[in-house]
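Chains A and B supply the protein sequences, listed in that same order. For the first sequence, counting from 1, position 9 maps to 9 in the UniProt record's numbering; every step adds exactly one. For the second sequence, counting from 1, position 31 maps to 31 in the UniProt record's numbering; every step adds exactly one.
What the hints contain is simulated information worked out from the structure, not anything from laboratory work. Keep in mind that the hints are not guaranteed to be accurate.
[To be verified] Residues of chain A clear of chain B, computed beta-carbon distances all greater than 10 Å:
#, residue
1, Ala4
2, Leu9
3, Tyr59
4, Pro91
5, Pro139
[As the list claims (entries may be wrong)] Computed list of lysine to any residue pairs in SDA-like fashion (alpha-carbon distance at most 25 Å, straight line):
#, chain 1, residue 1, chain 2, residue 2
6, A, Lys47, B, Thr11
7, B, Lys45, A, Ala171
8, B, Lys47, A, Ala106
9, A, Lys45, A, Gln58
10, A, Lys37, A, Thr23
11, B, Lys76, A, Arg22
12, A, Lys45, B, Arg22
13, A, Lys47, B, Thr23
14, B, Lys37, B, Thr11
15, B, Lys76, B, Lys37
16, B, Lys47, A, Val24
17, B, Lys76, B, Arg22
18, B, Lys47, A, Glu19
Backbone N, C-alpha and C define an ideal beta-carbon position, used for all residues, glycine too.
2 protein chains.
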Amino acid sequence: MRDARRRILDTATLLFYAEGVRTVGIDRIIAEAGVAKATFYHHFKAKDALVCAYLAEQYELQRAFLPRLPGTGRAKLEEVFRRIVETSEGPGFRGCPFLNTAAEFADPAHPVRAVVADYRAWFTGFMRELLTEAGHPAPGTAAHQLLLLRDGVAVSGALDAPEQVRAGTLASLRLILDAPA
Amino acid sequence: MRDARRRILDTATLLFYAEGVRTVGIDRIIAEAGVAKATFYHHFKAKDALVCAYLAEQYELQRAFLPRLPGTGRAKLEEVFRRIVETSEGPGFRGCPFLNTAAEFADPAHPVRAVVADYRAWFTGFMRELLTEAGHPAPGTAAHQLLLLRDGVAVSGALDAPEQVRAGTLASLRLILDAPA
DNA sequence: AATAAAGCAGACAGGTCTGTCCGGTAAAAT
DNA sequence: ATTTTACCGGACAGACCTGTCTGCTTTATT
Numbered sequence: 001m002r003d004a005r006r007r008i009l010d011t012a013t014l015l016f017y018a019e020g021v022r023t024v025g026i027d028r029i030i031a032e033a034g035v036a037k038a039t040f041y042h043h044f045k046a047k048d049a050l051v052c053a054y055l056a057e058q059y060e061l062q063r064a065f066l067p068r069l070p071g072t073g074r075a076k077l078e079e080v081f082r083r084i085v086e087t088s089e090g091p092g093f094r095g096c097p098f099l100n101t102a103a104e105f106a107d108p109a110h111p112v113r114a115v116v117a118d119y120r121a122w123f124t125g126f127m128r129e130l131l132t133e134a135g136h137p138a139p140g141t142a143a144h145q146l147l148l149l150r151d152g153v154a155v156s157g158a159l160d161a162p163e164q165v166r167a168g169t170l171a172s173l174r175l176i177l178d179a180p181a
Numbered sequence: 001m002r003d004a005r006r007r008i009l010d011t012a013t014l015l016f017y018a019e020g021v022r023t024v025g026i027d028r029i030i031a032e033a034g035v036a037k038a039t040f041y042h043h044f045k046a047k048d049a050l051v052c053a054y055l056a057e058q059y060e061l062q063r064a065f066l067p068r069l070p071g072t073g074r075a076k077l078e079e080v081f082r083r084i085v086e087t088s089e090g091p092g093f094r095g096c097p098f099l100n101t102a103a104e105f106a107d108p109a110h111p112v113r114a115v116v117a118d119y120r121a122w123f124t125g126f127m128r129e130l131l132t133e134a135g136h137p138a139p140g141t142a143a144h145q146l147l148l149l150r151d152g153v154a155v156s157g158a159l160d161a162p163e164q165v166r167a168g169t170l171a172s173l174r175l176i177l178d179a180p181a
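Please model the complete structure; the sequences and the hints are all you need to start from.
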């Protein structure tokens, strides 16, 4: 089989997201991926490298997916958040992989944190672009407001009742998008 | 010494918050607290109990502190968020203890998660009270919006530049408080 | 003065985790 | 045809972590 690396990453993604990075051990991953330990360490230098690869892939997936959503400007912003809320209502939702993982790696200098920072910078820039396109009077500040909102949904979606999250999020989104100059 | 329990909790609070719950071991806590292992297990049934005590105390501290802030209604809401933002700008800020710990305990049935849920329910109710007092047209939804905002500040304060967090938070707060009927 | 509670130091068992290494097989590339 | 690459199963070392237990000392209470 030539796809051992793929199986490892898929298994790790599932387990890391559902149960946390520190909780899930290498032995568990290689067992469920059906892979030998030597094979794992052939593809990944260490567990940390796997964690980075996991987050890097999530980053790539989002960067490929979100911009391709339909609409432009304001309509696209609404679509993006509609999708985020929808995801947070899914059965297996356990919060944002970046935030959860960052919470487990307290050291800001850890490589994992760099991936998280990259993702957040990209998301903020993406929001600002769409806000500018939508003719928002203050796209800079509004982009950070949307980042805060996104974080809130990720956290609250994992801890609170779905109706609360949906109502609060859509209300705040509208306020931010309709903000006067 | 009669305050071994106090020293344990203080040390645990410091270490758990700064480095994470799973990362910090019992041996480290008892060493830095200057306490024998038997003494630790005399006061706490297990590590999980210490984690619960840690969060329960944070809950009590916030429940005692926030309502005593000056002002009423809208002024108090602004004061509360001014303090939250201020805290997030402090040097040792590493996010919200409840959120960070919840991220490390994926099982929603774990006792730790109950403390987190209690805190969140209290905070939301507290917001709703103040919003009602301030004559807000939709205190229910607005309370959830403020919860989302609070979560956003906690997360973003630990990961992003302070100016971004401050500007975004205060802008969103104003929008939520000034929302038309 | 006597008893009970709280504390100390440290050994120990049993488990888990990461990362290395061994020997051997199948497939791909040259 | 040969060499290299990818893969397998599993043993192993070394570290760490939780929780228990033993034995002794100090402090508080009665």
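These are the hints, each one checked on the structure:
1. Ala4: Holds, since 27 Å exceeds 10 Å.
2. Leu9: The claim holds: Leu9 (chain A) sits with its nearest Cβ about 20 Å from chain B, beyond 10 Å.
3. Tyr59: holds (14 Å)
4. Pro91: Given that every Cβ of chain B is farther than 10 Å from that of Pro91 (chain A), nearest at about 12 Å, it holds.
5. Pro139: Label holds. Min Cβ-Cβ 12 Å, cutoff 10 Å.
6. A:Lys47 with B:Thr11: This hinted pair is violated, its Cα atoms lying about 29 Å apart.
7. B:Lys45 with A:Ala171: violated (45 Å)
8. B:Lys47 with A:Ala106: holds (20 Å)
9. A:Lys45 with A:Gln58: With a Cα-Cα distance of about 20 Å, the restraint between Lys45 (chain A) and Gln58 (chain A) holds, given a limit of 25 Å.
10. A:Lys37 with A:Thr23: OK: Lys37 (chain A) and Thr23 (chain A) at ~18 Å, within 25 Å.
11. B:Lys76 with A:Arg22: violated (40 Å)
12. A:Lys45 with B:Arg22: holds (23 Å)
13. A:Lys47 with B:Thr23: Cα-Cα ~15 Å, so holds.
14. B:Lys37 with B:Thr11: Distance of about 14 Å is within 25 Å: holds.
15. B:Lys76 with B:Lys37: Status violated; Cα separation ~45 Å.
16. B:Lys47 with A:Val24: Holds, at roughly 19 Å.
17. B:Lys76 with B:Arg22: violated (36 Å)
18. B:Lys47 with A:Glu19: Roughly 19 Å between the alpha carbons, so the hint for Lys47 (chain B) and Glu19 (chain A) holds.
In the structure shown, a violation is registered for the earlier hints numbered 6, 7, 11, 15, 17, in ascending order.
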